[in-house]
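Engineer: In case you want the letters, here they are:
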Amino acid sequence: AQSVTQPDIHITVSEGASLELRCNYSYGATPYLFWYVQSPGQGLQLLLKYFSGDTLVQGIKGFEAEFKRSQSSFNLRKPSVHWSDAAEYFCAVGETPNSGYALNFGKGTSLLVTP
Amino acid sequence: NAGVTQTPKFRILKIGQSMTLQCTQDMNHNYMYWYRQDPGMGLKLIYYSVGAGITDKGEVPNGYNVSRSTTEDFPLRLELAAPSQTSVYFCASSYLGQGPSGANVLTFGAGSRLTVL
Numbered sequence: 001a002q003s004v005t006q007p008d009i010h011i012t013v014s015e016g017a018s019l020e021l022r023c024n025y026s027y028g029a030t031p032y033l034f035w036y037v038q039s040p041g042q043g044l045q046l047l048l049k050y051f052s053g054d055t056l057v058q059g060i061k062g063f064e065a066e067f068k069r070s071q072s073s074f075n076l077r078k079p080s081v082h083w084s085d086a087a088e089y090f091c092a093v094g095e096t097p098n099s100g101y102a103l104n105f106g107k108g109t110s111l112l113v114t115p
Numbered sequence: 001n002a003g004v005t006q007t008p009k010f011r012i013l014k015i016g017q018s019m020t021l022q023c024t025q026d027m028n029h030n031y032m033y034w035y036r037q038d039p040g041m042g043l044k045l046i047y048y049s050v051g052a053g054i055t056d057k058g059e060v061p062n063g064y065n066v067s068r069s070t071t072e073d074f075p076l077r078l079e080l081a082a083p084s085q086t087s088v089y090f091c092a093s094s095y096l097g098q099g100p101s102g103a104n105v106l107t108f109g110a111g112s113r114l115t116v117l
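Residue numbers (this note's numbering), protein chains in the order written: chain H, 1 to 115; chain R, 1 to 117.
Worth double-checking, as some hints may not be accurate.
[Unchecked claim] No farther apart than 35 Å at their CA atoms in a straight line, the calculated lysine-lysine pairs in the DSBU-like style are these: (1) 61/H / 14/R; (2) 9/R / 49/H; (3) 107/H / 14/R; (4) 68/H / 14/R; (5) 57/R / 49/H; (6) 49/H / 14/R; (7) 107/H / 9/R; (8) 68/H / 57/R.
No wet-lab data here; the hints were simulated from the structure.
Start from the sequences, fold in the hints, and give me the full structure.
Structural biologist: So, in structure tokens, the structure goes:
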């Protein structure tokens with residue numbers, strides 16, 4: 001089965017600083033990759049997705065992610081973090097038709113933004 | 001447009017009780033999912049459905065049942081609640097209309113927090 005690893009459980013960033021959240025996946029073919037964000041007490045909101053084509057993907061709220069096949073990575077970046085970005089971030093890989101196209105999620109990275 | 005609606009938002013159960021978590025979507029999505037989220041563990045798939053009348057097990061189905069009698073509704077039933085089922089439950093849906101890429105884009109509900117004591 002496909003798997004997703006988010007190596008960092010917690011990350012603390014100063015407001016205005018740049019951000020990179022790491023995501024590694026294991027999958028034989030070209031995967032469908034996603035980043036979701038979860039604010040406290042809320043559901044998950046899609047930030048961006050990669051299916052094919054340009055390996056640099058732009059998302060909402062100023063986020064971007066780069067697919068690197070050679071490193072099996074799909075890291076999320078933002079050039080300048082705002083206090084409202086504090087949340088839980090989940091990387092996910094799309095499953096095959098045999099699993100109803102369900103997403104397989106990493107364990108998440110909790111982002112804390114300091115003044 | 002309501003999207004995916006889950007009820008209740010919070011519930012406390014006693015061990016051995018049963019209950020149903022409701023999920024309804026108004027986007028005419030054919031695929032629906034139930035996940036549970038535990039701290040530090042991400043989201044685990046409980047059950048999914050590819051259309052009315054069709055359901056299948058995910059990674060952690062034990063202790064749960066589902067049904068899909070209509071396109072809109074996908075209730076999750078807990079029989080004989082146990083403390084291990086204390087979790088936040090998320091319902092999600094997606095649309096397989098233009099190939100796998102669309103089906104993988106899940107829309108989530110706001111979640112149902114369940115505590116079993």
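Engineer: Quick check: which numbered hints come out false for this structure?
Structural biologist: 1, 4, 6
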